[in-house]
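**Student:** Sequence:
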Amino acid sequence: MTAADALEKIYESLAADNAGLDDAIKDLKVALAAEGKKEAMVEPGRLAQNNRQGRKLMQSYFKKKGVTVVFAGA
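Going by the numbering used here, the sequence shown opens with residue 650, and the numbers climb by one from there.
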């Protein structure tokens, strides 16, 4: 699985009320490591809560799971 595939899985999970989110984050972490990347670039327009509070909450949760999140266009 590529990082792009894992991110797509995360977007789908977020749209489905966070169903399977933890598994998707684990997949993303593995894919990022395999590609030699240290952070995931997320498209804010695809988030359920695209406001400052929602983005900070996402960054915090993903950081606890070992994935650094940055937002495109930020």
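It cannot be assumed that every hint is accurate.
Dumping the calculated PhoX-like pairs for lysine-lysine here, alpha-carbon to alpha-carbon at most 25 Å [unchecked claim]:
1. K658 <-> K686
2. K705 <-> K675
3. K714 <-> K678
4. K687 <-> K714
5. K712 <-> K686
6. K675 <-> K714
7. K705 <-> K658
Distance windows between CB atoms, simulated [stated by the list, open to error]:
8. V679 <-> R701: 25 to 33 Å
9. T651 <-> Q702: 16 to 24 Å
10. A682 <-> Q708: 27 to 35 Å
11. K687 <-> D654: 25 to 33 Å
12. G685 <-> A665: 25 to 33 Å
13. M650 <-> R701: 27 to 35 Å
14. G694 <-> D666: 17 to 25 Å
Since the hints were made in silico from the structure, they are not lab data.
Yeah, the Cβ is synthetic: ideal placement off N, Cα and C, and Gly gets one too.
**Student:** Report the numbers of all earlier hints that the structure fails to satisfy, in ascending order.
**Tutor:** 9, 10, 11
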